[in-house]
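Visitor: Those protein sequences? They're chains F and D, same order as listed.
Position one of the first sequence corresponds to residue 1 (the working numbering), numbered consecutively onward.
Position one of the second sequence corresponds to residue 112 (the working numbering), numbered consecutively onward.
Here are the computed lysine to aspartate or glutamate pairs in the EDC-like style, where the Cα-Cα straight-line distance is at most 20 Å: (1) LYS26(F) x GLU52(F); (2) LYS26(F) x GLU54(F); (3) LYS26(F) x GLU53(F); (4) LYS166(D) x ASP192(D); (5) LYS26(F) x GLU51(F); (6) LYS166(D) x GLU99(F); (7) LYS165(D) x GLU99(F); (8) LYS13(F) x GLU75(F); (9) LYS164(D) x GLU99(F).
These aren't lab readings, by the way, just hints derived from the structure by calculation.
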Amino acid sequence: DAGVTQSPTHLIKTRGQQVTLRCSPKSGHDTVSWYQQALGQGPQFIFQYYEEEERQRGNFPDRFSGHQFPNYSSELNVNALLLGDSALYLCASSSTGNEQYFGPGTRLTVT
Amino acid sequence: KNEVEQSPQNLTAQEGEFITINCSYSVGISALHWLQQHPGGGIVSLFMLSSGKKKHGRLIATINIQEKHSSLHITASHPRDSAVYICAVSGRSFGNEKLTFGTGTRLTIIP
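Please take these sequences and the hints and turn them into a complete structure.
Guide: Following this line, the structure appears as C-alpha cells:
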C-alpha cells in the first residue's frame, strides 16, 4: 500500500495563473481533505470530499475548488493565484470517522 | 482565542529527558489527534484518541475530556524526536471530521 500520494512535489507559478494539485488516497479510504499550511503556521482546513461531493468547506474563497473522482482520488484547483497562496498543500485521506493519513504535501510558490 | 492551544511553542531538552507537550481545546470534539511534522513538511499521525491513554513505543498520549486537555509525553528523548508536534481536534458530528489544528510545538533534542 503506497499510502497517500500527492503530485507534484513542488510547483512554481506566477501571480494570476491557475494550478491543479492531485491526491491519491490510501487504499480503502473514501474521504479526502485538503489543508493549506503557510510557512511557520499550522495547517488550515480548505475542504473535504466524500462520495464525489464537497462535504465541508473552510474559510477559503471560491478561487479554491476541488473535485473527487469515482476512484476517490481528488484534485485541488486554485485560480487567479496570489502571492499569499504560497504554502504547503496537504491532502489527508480517511474512512469516515477514522484516523486521517497525510500525504507528503505539495509546496506551491507563487512569484 | 484559538480553538486549539498548545504549550510550549518551543522546547529544547537534552537527550534522555522526559518531554511533555500540552494541548487545550475549547470545542466539542469526537477525537483528538497528535501529529508529527519534520522539516520538509510531511505529517505523520501519532495518535488518535477520544478517551483515556494510548502508548506507542516511547510516546504516550492522554486526554481528559472533562477538562478538555491532552498531553503528549516522550520518554527517553532522542535527537531523532526533534520535530514539530501538532495537536488537532475533529468535530463531534458525523461528517464533521475536518481537523482544527494547534500552532504546534517545536521540539529540539540536543545530544
